[in-house]
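Asks: Top to bottom, those sequences are chains A and B.
Heads up: the first sequence runs through residues 28 to 141, numbered per our numbering.
Heads up: the second sequence runs through residues 533 to 646, numbered per our numbering.
Be a bit skeptical, because a hint or two may be false.
Said to hold, decoys possible - No more than 25 Å apart at the CA atoms, straight line, and that leaves these computed lysine-lysine pairs for BS3-like:
1) Lys129/A / Lys537/B
2) Lys97/A / Lys129/A
3) Lys80/A / Lys45/A
4) Lys82/A / Lys45/A
5) Lys569/B / Lys129/A
6) Lys82/A / Lys129/A
7) Lys84/A / Lys537/B
8) Lys129/A / Lys586/B
9) Lys569/B / Lys30/A
10) Lys588/B / Lys600/B
11) Lys98/A / Lys30/A
12) Lys600/B / Lys98/A
13) Lys40/A / Lys129/A
14) Lys603/B / Lys569/B
15) Lys603/B / Lys586/B
16) Lys45/A / Lys98/A
17) Lys537/B / Lys569/B
18) Lys537/B / Lys600/B
Derived by calculation from the structure, the hints in this document are not laboratory data.
Given the structure is predicted, the values throughout are model-derived calculations rather than measurements.
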Amino acid sequence: DVKVTQSSRYLVKRTGEKVFLECVQDMDHENMFWYRQDPGLGLRLIYFSYDVKMKEKGDIPEGYSVSREKKERFSLILESASTNQTSMYLCASSLLGTTNEKLFFGSGTQLSVL
Amino acid sequence: DQQVKQNSPSLSVQEGRISILNCDYTNSMFDYFLWYKKYPAEGPTFLISISSIKDKNEDGRFTVFLNKSAKHLSLHIVPSQPGDSAVYFCAASAYETSGSRLTFGEGTQLTVNP
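Pulled out of the complex, with its shape left as it was, chain A reads as follows:
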């Protein structure tokens, strides 16, 4: 079974802090994604990556950056956290060339910025 692991289930941070959200997948997937889920807005794509050291902006990249130094790990970075970044963050991965049915999600990190 594919496993996508997000390092924290709940995280509480202060405004202005630098925040790292970590995601690790164990199936050698090329594609990795970061989404945020907000009530009434669904899932929105922040950033994605097709390969090591490669990144592409999603629909809402402002205020975020990402890092992919190793194939299995994709980090989401909030350079200076703000209250409007309070959200559920979901990481996902998939094998290059497979269909979107094979997109696997982690359990999510609920981030609260105070």
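Following the hints, complete the assembly by docking chain B onto the known chain A.
Replies: Chain B only, in chain A's frame:
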């Protein structure tokens, strides 16, 4: 600009009856549609999909209908079971292959009452 819309935030049905979840889209480039299911404290999991060349796809109790001219799709669950209680997300992409970006709807909370 919400390109995929699920207008019902919630739906409540009795066990054994039919659940119908609706989804509308505006982008004519969307060619592939998926439904994901999400339980609390878990990531979304793939449920069923349909290509734009079809108007119906069935998998056990789940059937997805696509009306391209109306830009509308629906998910039917028959018969509904209490274990189906979850948030259902409609998603669309321009291509079938993974890595083609998914656009999600807002989600519909389905509650199936025993």
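Asks: All hints are to be evaluated individually against the structure, with a verdict given for each.
Replies: Evaluated hints:
no., hint, in the structure
1, Lys129/A / Lys537/B, "holds, 23 Å"
2, Lys97/A / Lys129/A, "holds, 21 Å"
3, Lys80/A / Lys45/A, "holds, 21 Å"
4, Lys82/A / Lys45/A, "holds, 20 Å"
5, Lys569/B / Lys129/A, "holds, 14 Å"
6, Lys82/A / Lys129/A, "holds, 20 Å"
7, Lys84/A / Lys537/B, "holds, 22 Å"
8, Lys129/A / Lys586/B, "holds, 20 Å"
9, Lys569/B / Lys30/A, "holds, 17 Å"
10, Lys588/B / Lys600/B, "holds, 11 Å"
11, Lys98/A / Lys30/A, "holds, 14 Å"
12, Lys600/B / Lys98/A, "violated, 38 Å"
13, Lys40/A / Lys129/A, "violated, 33 Å"
14, Lys603/B / Lys569/B, "holds, 21 Å"
15, Lys603/B / Lys586/B, "holds, 13 Å"
16, Lys45/A / Lys98/A, "holds, 23 Å"
17, Lys537/B / Lys569/B, "holds, 16 Å"
18, Lys537/B / Lys600/B, "holds, 15 Å"
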